[in-house]
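Q: Sequence:
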Amino acid sequence: MAHLDYSPDSKMLFVGEGNFSYSMSICITLGSGANMTVTSYDTTKDLREKYPDALANIRLLTDSGATVLHGVDARKMSEHPSLRGRTYDFIIYNFPHAGFIGDESTPAVINKHRELVRGFFLNAVSMLSPEGQCHVTHKRKPPFNQWHIPKLASECGLGLTDCADFSIEDYPGYDNKRGDGERADKRFPLGKCCKYKFVKEFGVDALCSKVSLFNT
1191 MAHLDYSPDS
1201 KMLFVGEGNF
1211 SYSMSICITL
1221 GSGANMTVTS
1231 YDTTKDLREK
1241 YPDALANIRL
1251 LTDSGATVLH
1261 GVDARKMSEH
1271 PSLRGRTYDF
1281 IIYNFPHAGF
1291 IGDESTPAVI
1301 NKHRELVRGF
1311 FLNAVSMLSP
1321 EGQCHVTHKR
1331 KPPFNQWHIP
1341 KLASECGLGL
1351 TDCADFSIED
1361 YPGYDNKRGD
1371 GERADKRFPL
1381 GKCCKYKFVK
1391 EFGVDALCSK
1401 VSLFNT
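Residues in the sequence shown are numbered consecutively from 1191, following my numbering.
There could be a bad hint or two in this list.
[What the hints assert, rightly or not] Calculated cross-link-like contacts (lysine to aspartate or glutamate; reagent style EDC-like; alpha-carbon spacing at most 16 Å): (1) LYS1387 x ASP1352; (2) LYS1376 x ASP1243; (3) LYS1329 x GLU1345; (4) LYS1329 x ASP1352; (5) LYS1341 x GLU1391.
Calculated from the structure, these hints are not laboratory results.
Based on the sequences and whatever the hints tell you, model everything.
A: Structure representation (structure tokens):
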């Protein structure tokens, strides 16, 4: 089953949620959100404008005990006042994307996306518990496979342990959204996707200096 990775006792951090339907799906499956911290890059105002169903999903999460935070930058999240010093068993980023800034196949756009993912990994590695895992769901087809996510993770002290097939049907209620531009509330085509699973390769202390430099 899709959610055997997680349990109600797992401390989970969700990063870059759009309309909050992914975290909501997992919350419903687990039966509790007490150990879930769910974040979005968007502000509350942005969410109201982009996603008609976002506030209802957030209400379900908070009623289930989840903590919901807005305006959280994945590249600086370890320094967020509500996240600083906290660690998690799972840090989950579904379909990271830096926004629709041009042709997805051009090197400049690919590099922009890679910068986002690299910044996320540099922060996530210092926020994982000793046995924690970082999960990133991503498309397998070109040009998205040119982001070379496992290589980015390795450069940030995270080692790949698995690349599991991802099927949206395993997440009832999850409604993937573009998240940017005039069609922010529209779905984007998925195709073949996988959930990368990473664990820490190096000590946190050695990488904290990297995070500090990145966030300066």
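Q: State for each hint whether it applies.
A: To see whether the hints hold, each was checked on the structure:
no., hint, verdict
1, LYS1387 x ASP1352, "5 Å, holds"
2, LYS1376 x ASP1243, "12 Å, holds"
3, LYS1329 x GLU1345, "20 Å, violated"
4, LYS1329 x ASP1352, "15 Å, holds"
5, LYS1341 x GLU1391, "13 Å, holds"
When held up to the earlier numbered hints, the structure conflicts with hint 3 and nothing else.
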